[in-house]
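Given the coordinates of chain A, work out where chain B should sit on it, guided by the hints.
Protein chains in written order, with this note's numbering: chain A, 1 to 350; chain B, 1 to 350.
Derived by calculation from the structure, the hints in this document are not laboratory data. A few of these clues could be false.
Pairs involving identical chains hold if they fit within one copy or between any two copies, as the list cannot separate such chains.
Claimed, not checked - In the DSS-like style, the derived pairs of lysine-lysine whose C-alpha atoms are separated by at most 30 Å in a straight line are:
#1 6 <-> 175
#2 30 <-> 54
#3 11 <-> 217
#4 122 <-> 235
#5 54 <-> 235
#6 11 <-> 122
#7 235 <-> 276
#8 175 <-> 334
#9 54 <-> 276
#10 217 <-> 54
Number of protein chains: 2
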Amino acid sequence: MNQQIKAYGTKGADEKLEALQIERRETKAKDVRIEILYCGVCHSDIHTARNDWKNSVYPVVPGHEIIGRVLEVGNEVAKYKAGDLVGVGCLVDSCRTCHSCNDGLEQYCENGWTGTYNSADKHLGGYTYGGYSTTIVVDESFVLKVPENLDAKGTAPLLCAGITTWSPLKHWNVKKGDKVGIVGLGGLGHMGVKFANALGAHVVMITTSPSKAADAKSLGAHEVLISTDESEVQKHLNSFDFILNTVPVAHEMDPYIAMLKRDATMVMVGAVEPLKPFHGGGIILGRKRIAGSLIGGIKETQEMLDFCGEHNITSDIEMINMQDINNAYERVIKADVKYRFVIDMESLKN
Amino acid sequence: MNQQIKAYGTKGADEKLEALQIERRETKAKDVRIEILYCGVCHSDIHTARNDWKNSVYPVVPGHEIIGRVLEVGNEVAKYKAGDLVGVGCLVDSCRTCHSCNDGLEQYCENGWTGTYNSADKHLGGYTYGGYSTTIVVDESFVLKVPENLDAKGTAPLLCAGITTWSPLKHWNVKKGDKVGIVGLGGLGHMGVKFANALGAHVVMITTSPSKAADAKSLGAHEVLISTDESEVQKHLNSFDFILNTVPVAHEMDPYIAMLKRDATMVMVGAVEPLKPFHGGGIILGRKRIAGSLIGGIKETQEMLDFCGEHNITSDIEMINMQDINNAYERVIKADVKYRFVIDMESLKN
Numbered sequence: 001m002n003q004q005i006k007a008y009g010t011k012g013a014d015e016k017l018e019a020l021q022i023e024r025r026e027t028k029a030k031d032v033r034i035e036i037l038y039c040g041v042c043h044s045d046i047h048t049a050r051n052d053w054k055n056s057v058y059p060v061v062p063g064h065e066i067i068g069r070v071l072e073v074g075n076e077v078a079k080y081k082a083g084d085l086v087g088v089g090c091l092v093d094s095c096r097t098c099h100s101c102n103d104g105l106e107q108y109c110e111n112g113w114t115g116t117y118n119s120a121d122k123h124l125g126g127y128t129y130g131g132y133s134t135t136i137v138v139d140e141s142f143v144l145k146v147p148e149n150l151d152a153k154g155t156a157p158l159l160c161a162g163i164t165t166w167s168p169l170k171h172w173n174v175k176k177g178d179k180v181g182i183v184g185l186g187g188l189g190h191m192g193v194k195f196a197n198a199l200g201a202h203v204v205m206i207t208t209s210p211s212k213a214a215d216a217k218s219l220g221a222h223e224v225l226i227s228t229d230e231s232e233v234q235k236h237l238n239s240f241d242f243i244l245n246t247v248p249v250a251h252e253m254d255p256y257i258a259m260l261k262r263d264a265t266m267v268m269v270g271a272v273e274p275l276k277p278f279h280g281g282g283i284i285l286g287r288k289r290i291a292g293s294l295i296g297g298i299k300e301t302q303e304m305l306d307f308c309g310e311h312n313i314t315s316d317i318e319m320i321n322m323q324d325i326n327n328a329y330e331r332v333i334k335a336d337v338k339y340r341f342v343i344d345m346e347s348l349k350n
Numbered sequence: 001m002n003q004q005i006k007a008y009g010t011k012g013a014d015e016k017l018e019a020l021q022i023e024r025r026e027t028k029a030k031d032v033r034i035e036i037l038y039c040g041v042c043h044s045d046i047h048t049a050r051n052d053w054k055n056s057v058y059p060v061v062p063g064h065e066i067i068g069r070v071l072e073v074g075n076e077v078a079k080y081k082a083g084d085l086v087g088v089g090c091l092v093d094s095c096r097t098c099h100s101c102n103d104g105l106e107q108y109c110e111n112g113w114t115g116t117y118n119s120a121d122k123h124l125g126g127y128t129y130g131g132y133s134t135t136i137v138v139d140e141s142f143v144l145k146v147p148e149n150l151d152a153k154g155t156a157p158l159l160c161a162g163i164t165t166w167s168p169l170k171h172w173n174v175k176k177g178d179k180v181g182i183v184g185l186g187g188l189g190h191m192g193v194k195f196a197n198a199l200g201a202h203v204v205m206i207t208t209s210p211s212k213a214a215d216a217k218s219l220g221a222h223e224v225l226i227s228t229d230e231s232e233v234q235k236h237l238n239s240f241d242f243i244l245n246t247v248p249v250a251h252e253m254d255p256y257i258a259m260l261k262r263d264a265t266m267v268m269v270g271a272v273e274p275l276k277p278f279h280g281g282g283i284i285l286g287r288k289r290i291a292g293s294l295i296g297g298i299k300e301t302q303e304m305l306d307f308c309g310e311h312n313i314t315s316d317i318e319m320i321n322m323q324d325i326n327n328a329y330e331r332v333i334k335a336d337v338k339y340r341f342v343i344d345m346e347s348l349k350n
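The following block holds chain A by itself, in its conformation from the complex (with noise of 0.2 Å):
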């Protein structure tokens, strides 16, 4: 029997996420239920909430970085039992038999993945409700295993900001000795200092901001570039085996192009939206390249937090209640935090 449960959305573009009740369904044979500890707040909540991609459907309840404890599963799950601490991103289901599905790139989902919120609704009707909530159904083929070693909290990021920066990482093979850069240094930015940094490569922040230099270097990056300082970029000059790109607007594109090797890949995971005309003469003349990559595969997903168990990683977070999730909006989009909020989903509790 489906289960009404308190959950935190938004019944419309200008309105304030407030306290709602919502359905999930019941525990069906492959599914499990799951008490949610932590949620994430990411960027793309606000965008969906405040319907700045026009695909809002109301009510909304955002959340896509799901920390929980597995609550009880249907007959038929194999790989999870209650009490593991599990996670849940941005995906929730997928048609699972296109090549993309197939090559467990469910993001590529050629038949269209199901968001954890926003999303067509294939068991209820309706749409998705994300992770700003109690507890959380969800196939057991997209419930990731949490190492029980890791500071859950700051486990939860990992399942968006995360993977966003893990998937391009590994799968333009960056590894020890490379070059890479780490352009824009916020919720994904850092996490992806982390990840280069443990991946044996030499990290180089690129950030507008000289202010950011000293935290970009305790993440792990080995030197920081200040890309408005033309002096400095020319230092660089083809230099860089790899350039993973996080700034979330349009933004120039050129001194980055310039610093790329050749035949190397700067990779945009965070500008959903026109990009700023580059040079064409930029990557004809070194045969470089620019690609987009978007989250990532469950299974990707799973190898990416055994990596973290393995090397004690997870994002730096500030805590925040429920009920601070409206100042906690405004401080996200003013770039004021460090470097994920991640919601104490016991306060939605009380």
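Chain B alone, transformed into the frame defined by chain A:
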């Protein structure tokens, strides 16, 4: 002893090309002296003659699609002998020691390659003079062997238009059964169609001009897609394994990106200017890639010529006399040529 020879060039950006006398170096130990039979007319010739790229040093003698016969060789030359049919493309020297040169990619020489014209001349001082001339002297390492079975006139454009399209098709591993789009049907695009067809791909000519459909098919395209017809674009969404974009000016990129498969690449070879902005979401949703590619290295240019010999591939050309060059430039600018002008250099000798 250096030689004075006949050439055709311009003394300033606003002047027409006319007969000039220039100097060629004596035939040194590693040099090949070539009697030029034919020289193709590349759009870059016009950009340089008219100083569009703000780097022209006058007098300029253009021409880097050179076919000729060896007149004499230096005493250390092993690869060529008098009478051999040979070609010279865009490069006549490079550092030969950097990573790119060691990889056979002299066009990306990290210390700067020597262009066939308008490039600092290591031997005579001043700047190099190109193929709009009766003879040229080139180090044997930068001379190509031309298959004798090919029509020599139609071979000239292979040295630039040919290799510029061949190199990315091979580098990105276009193979039998791939769905390959060629954007733009000019000097480069018509070679792209021929090569992609010969490599066994399913070739789709992508053009804004319905009038080009019949020509594209006769050149080897299996389909023609009118990119301004949105319903046509919709039919091809996420379906191309590779797109070669030969358009020489900035243009809308989003429709082409939308037609790439996951992980597929569109390579820009024509637009050496600021590109139009495209949407970050277009590359992020599908991990798609935009790359550039510049002409090709000497080794791959030889491989292309050998392939052309085996498959009897040459460029479609219109022959002109040297004295027609100013009119030909105007027609190139209007894209009024099928598909490349080639100068019969006999006309300069008279």
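Intra- versus inter-subunit Cα pairing at 30 Å for residue 54 with residue 235: between (42 Å within a copy, 25 Å between copies)
Up to 30 Å CA-CA - residue 334 versus residue 175, copy category: Neither, since 33 Å and 49 Å both go past 30 Å.
Intra- versus inter-copy proximity for residue 122 and residue 11 (alpha-carbon distance at most 30 Å): within (21 Å within a copy, 72 Å between copies)
Residue 11 and residue 217: within-copy, between-copy, both or neither at 30 Å Cα: neither (42 Å within a copy, 55 Å between copies)
Intra- versus inter-copy proximity for residue 235 and residue 122 (alpha-carbon distance at most 30 Å): between (53 Å within a copy, 27 Å between copies)
Same-copy or cross-copy closeness of residue 54 to residue 276 [CA-CA at most 30 Å]: Answer is both; intra-copy 22 Å and inter-copy 24 Å each pass.
30 Å Cα threshold - placement of residue 175 relative to residue 6: neither (44 Å within a copy, 55 Å between copies)
Alpha-carbon proximity context of residue 217 and residue 54, limit 30 Å: neither (38 Å within a copy, 42 Å between copies)
Status of residue 276 relative to residue 235 across identical chains (alpha carbons, at most 30 Å): both (24 Å within a copy, 28 Å between copies)
Identical-chain pair category, residue 30 with residue 54, by Cα at 30 Å: neither (33 Å within a copy, 66 Å between copies)
Violated hints for the displayed structure, listed by number in ascending order: 1, 2, 3, 8 and 10.
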